[in-house]
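If you want the building blocks of each chain, they are given just below.
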Amino acid sequence: MRDALVDWIAANVGQRFAGSSVDRIGVGHSRAMYRVTAPDGTRLVARVEQGGVFGTDSAEECRVMRALAERGFPVAAIVGDDLSGTAIGRPFFVMEFLEGAEAADERALDGETAAAFVDALTRLHQLDPSGIEFDIQVDDPSRATAAQVERWRDIYRGAADKPIPLLEEASAWLLLHAPPLQRLAVVHGDAGPGNFVHAGGAVVAVTDWEFAHAGDPAEDWAFCLTMRGSRTMPRDEWLRLFKERAGVQLSDAEWRYWEAFNLFKGACANRTCLAVFEDGRNRAPNMAIIGTALHQMFLRRLVAIVHDEGDNR
Amino acid sequence: MTDRVSDAAILAATATVLRSEDIAAITRVQLIGLAEYAAARGDDPTAARRRELVDALETLTANELVAPLWPGEPYAVAAAALGAALGRDDSEARAVQAALRPLLVRHLDDEMATTTPLIDAFRGKLRNA
Chain G
1 MRDALVDWIA ANVGQRFAGS SVDRIGVGHS RAMYRVTAPD GTRLVARVEQ
51 GGVFGTDSAE ECRVMRALAE RGFPVAAIVG DDLSGTAIGR PFFVMEFLEG
101 AEAADERALD GETAAAFVDA LTRLHQLDPS GIEFDIQVDD PSRATAAQVE
151 RWRDIYRGAA DKPIPLLEEA SAWLLLHAPP LQRLAVVHGD AGPGNFVHAG
201 GAVVAVTDWE FAHAGDPAED WAFCLTMRGS RTMPRDEWLR LFKERAGVQL
251 SDAEWRYWEA FNLFKGACAN RTCLAVFEDG RNRAPNMAII GTALHQMFLR
301 RLVAIVHDEG DNR
Chain X
1 MTDRVSDAAI LAATATVLRS EDIAAITRVQ LIGLAEYAAA RGDDPTAARR
51 RELVDALETL TANELVAPLW PGEPYAVAAA ALGAALGRDD SEARAVQAAL
101 RPLLVRHLDD EMATTTPLID AFRGKLRNA
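Sequence order for the protein chains is G and X. Those letters in the first sequence? Residues 1 to 313, per this note's numbering, in order. Those letters in the second sequence? Residues 1 to 129, per this note's numbering, in order.
Hints should not be assumed to be uniformly reliable.
[Said to hold, decoys possible] Now the stretches of chain G that chain X is said to cover, found in silico as 3 or more residues with beta-carbon under 8 angstroms:
#, region
1, 77-87
2, 151-165
3, 168-176
4, 270-282
Hints listed in this document are in silico derivations from the structure and should not be mistaken for laboratory results. Yeah, the Cβ is synthetic: ideal placement off N, Cα and C, and Gly gets one too.
This is chain G alone, in the form it adopts within the complex (with noise of 0.2 angstroms):
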């Protein structure tokens, strides 16, 4: 596969790529990373699918990234893609390295960087989704996150060869008690730490763009909190951060449902690791455990918010 990758990326984007070296890097899950070193110390990062793990695709990734690059917004520029998949057997994007901080745990972060974070989501949000070619289209603010449950239903359905009635239920609720919208954002979908570069407590990039949608700015800002920055920042660093930069506050059961969407989406994603993995599309051990013990895992956690509210209202 590496050859074929450093002939492509050879071919197509320059020959000075010609006997590049490639390493992996990062330990994303629904895409491998790699880093292409060409002779002369150029780099590249290749962005690969790993069969259908999430239900995302490369496509839609591509189309937001470089929409999002046209309106300056800080992404890695694409140099060249095979969404086919026919190169390299899997379909891939190939990107520009950035030289960011690199640290043992990707997710640490010093206040001044958070602070430039929360500056960028902000700034991702205030972006005019309409023109991105989402695959999802929705023009009804009041209907997005509707949208968005019901494609996350719809993905955790075609991989499992039965209902999950606890996930349905959930799904019911999250449709039940969706916040009203005014006005449709630019949702990066696994917004925090990790999921951008950063150097000098700026940020250079925002990355990791295949959950993105239009939607509702919360859903970031709870997957931050209750997700990927929960292990970065105590919750109320965070949210005295969101208020102070953002003018983000929402009350405690705003807080209560983007966090059971989040757990929702995670759930639905996760159940799709299962099946790749049973069917041979990628037999990494991950895939069986985000499968199962992850997936179990966000389920009960969603079970835990939609039961305790005894919701019958």
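Following the hints, position chain X against chain G.
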């Protein structure tokens, strides 16, 4: 397929990983964790759980949320009934929730009791290491 990972897929993964040219350290740990899980998890309870769910649904055959759907595929019926019960505050909805929620949560908790050790392996930690 069940909600469990199959022995066949674990065996195939073992062969695939061990044949690969470069195995990351964390992949090795995850494979060990998966093998230990497979050895320790015991018999597949899928059929027994399904029977328990059928028994629970049989107690609801007169319930207005279940009756139109039953008999049917039990997980699909349970999913539809629980979804329909949300947003209602009446005895029919409460009966569905009382019969199905604790059972399904217990099944989930029982399954998690066997899979939770995999979380350590996922994070690169070997048990008893």
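Checked hints:
no., hint, verdict
1, 77-87, "violated (count 0)"
2, 151-165, "holds (count 6)"
3, 168-176, "holds (count 6)"
4, 270-282, "holds (count 5)"
The earlier numbered hint that this structure contradicts is number 1, and it is the only one.
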